[in-house]
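Chemist: Given next are the chains, with one letter for each unit.
Number of protein chains: 2
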Amino acid sequence: MLNFNFYSPTHFLFGKERENEAGKLVKEFGGTKVLIHYGGKSAIKSGLLDRVKKSLEQEKISYVLLGGVKPNPRDTLVYEGIKLCKQEGVDFVLAVGGGSVIDSAKAIAAGVVYEGDFWDFYEGKEITKALRVGTVLTIAAAGSEGSTSSVITKEDGMLKRGADGLAIIPAFSILNPELMTTLPAFQTASGASDIMAHVMERYFTHTKDVEITDRLCEAVLLTMIKEVPRALKDPNNYEARANIMWAGMVAHNNIVGVGRQQDWSSHAIEHELSALYDVAHGAGLAVIFPAWMTYVYKNNIDKFAQFAVRVWGCEMNFENPEATALEGIERIKQFFTSIGMPINFKELGAKEEDIPYMVKTMGLDNGKTCGSFVELKSEDVDKIYRLAL
Amino acid sequence: MLNFNFYSPTHFLFGKERENEAGKLVKEFGGTKVLIHYGGKSAIKSGLLDRVKKSLEQEKISYVLLGGVKPNPRDTLVYEGIKLCKQEGVDFVLAVGGGSVIDSAKAIAAGVVYEGDFWDFYEGKEITKALRVGTVLTIAAAGSEGSTSSVITKEDGMLKRGADGLAIIPAFSILNPELMTTLPAFQTASGASDIMAHVMERYFTHTKDVEITDRLCEAVLLTMIKEVPRALKDPNNYEARANIMWAGMVAHNNIVGVGRQQDWSSHAIEHELSALYDVAHGAGLAVIFPAWMTYVYKNNIDKFAQFAVRVWGCEMNFENPEATALEGIERIKQFFTSIGMPINFKELGAKEEDIPYMVKTMGLDNGKTCGSFVELKSEDVDKIYRLAL
Chain Y
1 MLNFNFYSPT HFLFGKEREN EAGKLVKEFG GTKVLIHYGG KSAIKSGLLD RVKKSLEQEK
61 ISYVLLGGVK PNPRDTLVYE GIKLCKQEGV DFVLAVGGGS VIDSAKAIAA GVVYEGDFWD
121 FYEGKEITKA LRVGTVLTIA AAGSEGSTSS VITKEDGMLK RGADGLAIIP AFSILNPELM
181 TTLPAFQTAS GASDIMAHVM ERYFTHTKDV EITDRLCEAV LLTMIKEVPR ALKDPNNYEA
241 RANIMWAGMV AHNNIVGVGR QQDWSSHAIE HELSALYDVA HGAGLAVIFP AWMTYVYKNN
301 IDKFAQFAVR VWGCEMNFEN PEATALEGIE RIKQFFTSIG MPINFKELGA KEEDIPYMVK
361 TMGLDNGKTC GSFVELKSED VDKIYRLAL
Chain C
1 MLNFNFYSPT HFLFGKEREN EAGKLVKEFG GTKVLIHYGG KSAIKSGLLD RVKKSLEQEK
61 ISYVLLGGVK PNPRDTLVYE GIKLCKQEGV DFVLAVGGGS VIDSAKAIAA GVVYEGDFWD
121 FYEGKEITKA LRVGTVLTIA AAGSEGSTSS VITKEDGMLK RGADGLAIIP AFSILNPELM
181 TTLPAFQTAS GASDIMAHVM ERYFTHTKDV EITDRLCEAV LLTMIKEVPR ALKDPNNYEA
241 RANIMWAGMV AHNNIVGVGR QQDWSSHAIE HELSALYDVA HGAGLAVIFP AWMTYVYKNN
301 IDKFAQFAVR VWGCEMNFEN PEATALEGIE RIKQFFTSIG MPINFKELGA KEEDIPYMVK
361 TMGLDNGKTC GSFVELKSED VDKIYRLAL
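Those sequence lines, one after another, are chains Y and C. Per my numbering, residue 1 is the first one in the first sequence, and the count goes up by one each step. Per my numbering, residue 1 is the first one in the second sequence, and the count goes up by one each step.
Any given hint might turn out to be false.
Since the list can't tell identical chains apart, any single copy or any two copies may satisfy a pair.
What the hints assert, rightly or not - Derived pair list, reagent style DSS-like, types lysine-lysine, alpha-carbon separation capped at 27 Å:
| # | residue 1 | residue 2 |
| --- | --- | --- |
| 1 | Lys125 | Lys24 |
| 2 | Lys303 | Lys346 |
| 3 | Lys233 | Lys208 |
| 4 | Lys24 | Lys129 |
| 5 | Lys233 | Lys383 |
| 6 | Lys27 | Lys83 |
| 7 | Lys303 | Lys233 |
| 8 | Lys303 | Lys226 |
| 9 | Lys351 | Lys226 |
| 10 | Lys16 | Lys303 |
| 11 | Lys16 | Lys208 |
| 12 | Lys298 | Lys129 |
| 13 | Lys27 | Lys129 |
What the hints contain is simulated information worked out from the structure, not anything from laboratory work.
Just chain Y, with the same shape it has in the complex (with noise of 0.2 Å):
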């Protein structure tokens, strides 16, 4: 196990009707006006919008809106909302939504109380100081509620990029699984392959004898293999909702991935995917991950066989490891595949001849390397992309 820190500050409200305790907790930060950030017009459809003011107005907190956050939030909002955010004195960000909502708002957050461009976090600046910010989750997926990071695309070139820092850490996260009754089914899809691949980026590793983590990264997964076809053939299952909602948080405060490197490559090999086709991020990743799966799978049988037999429930083959290694792989395809995830480029709407585009805006040259359990190069991204085909 490596060393590391673990620091999960959060507070976190789950459950039944707790948005209406949204006002109170802003107060309990010092927060005194508000920015409500939302999405599109569900929130003000479902009545969630107007919960949560009314239970500003009760703490007599006053509150300006801005809405029309898209899936693969763009820039542009962003500098909208930091102008609004001087313009009104805002001193608190409030998020009303999914995981897009929630990094629009933290990059508003950071942007707000900086003097250069707020772009430049996302080309690598640390995020040191920002205003507080609130959450109320509406998707689980991102995990976004409960992080240090934030990923914003620039509409000019669609790049799409992350950035990161404690000070965007939501100071509260109001989970209500009641929100996500109303999800349609790709969405829910979508954010449970998110979920899922947070956790892998932290289980497909070389480092040695971390257990409690392999342990606690399983259980998430198992969580949503029961879960998620669940919520799918019952989209008013609570139940399942909740353990769907909490296992997203789970996935990605870091709790399941401490003390081991972790790798990442496939959510970066993903970006691209999203930023230049914009489709839904965890598609994206259902797409992607089974082929990066293959692409590096024989640089750790062991760990793919693990992943078969514990995860998938696979009988470990014994005289033949590798056979089980590709056979976890193929279970989490067929998974995606049966929760109506597309699992391959024909099937997401991506095109072959846009691979050598992707390859070079994720910038792997030089010797750049993008991931941790095989340090791939641009032409093993060419490859990865091309067994997604």
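Fit chain C to the given chain Y structure using the hints.
Modeler: Relative to the frame of chain Y, chain C by itself:
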């Protein structure tokens, strides 16, 4: 799943040599005059105390020392610590030791800023204010390094009672598995029993649809089953110690227990044992937990069968689930025996004739009960003690 809050704001620093960062952390949390609280001579002999002192000196932070914390830490030393802190103007309490030292440090930290008798907190008053506490953990067991609770024994009458409050959650906890390599086998195993008991107090519940926390509980137990025998076989095995040490935190900061009714009656029943005989808490739990299981399993055979199958790898007996449930109980007894733990009164050195006294001291009269899986009355506790004979 039940509604819940989760908040675990401790900074964890995990790994080799991390105790050298204690001074830097105390400074970050504003400590200027520290009480270093510790147990016996092992912290001195090992050089740990010197390293901690040096790290404070490097930050020009002054300190006073108070050693002598015993297992089942006493109120008498807490009073001494409170007096010393007031005299010396201490503003930060640094615990260097195991759960007993940390619990004693928490009691002192709460008592220093309280006008009344600190024991009020152990009679049920919530701790809402305390000096900040930091820890350098030397024994994986109590989970006090990441918890809001503290257990102290009142010497007059040997009453063992717990207190709770967010104010006493450690600001930081340093977990260096190297410090555990000198731990004798019995203490290693007692700590392991305590960790497993923390998980099982949460695991056995009637709350339905808690797959995520079920799986997380099982993850910790599976880790212990693998790693504890390894640590006992080779006390210097850093990796086994590391897995156990982090499992001990995960077992008790409540990440594996949120959203479900928890029981905690085995802990309460055990406290009478370790108070009366001054035995190791973990050893007492190894005696009490299987007896409690035997007494209550019929109230939820499915859950006990799940425990047997998922944690112990038993084959499910579909024609007779009760047989599987009983096999799980048998397996944990065997495990405790295999790591050198007592599993009955005789092995622990407890006496049948003291049962009425212990039952009485628990104070379950006038309709008061203990636990939630089954709400135990005095006569139930009596029977559980007798099942442990």
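Chemist: Going through the numbered hints above, which ones does this structure break? Give me the numbers in ascending order.
Modeler: 2, 5, 9, 12
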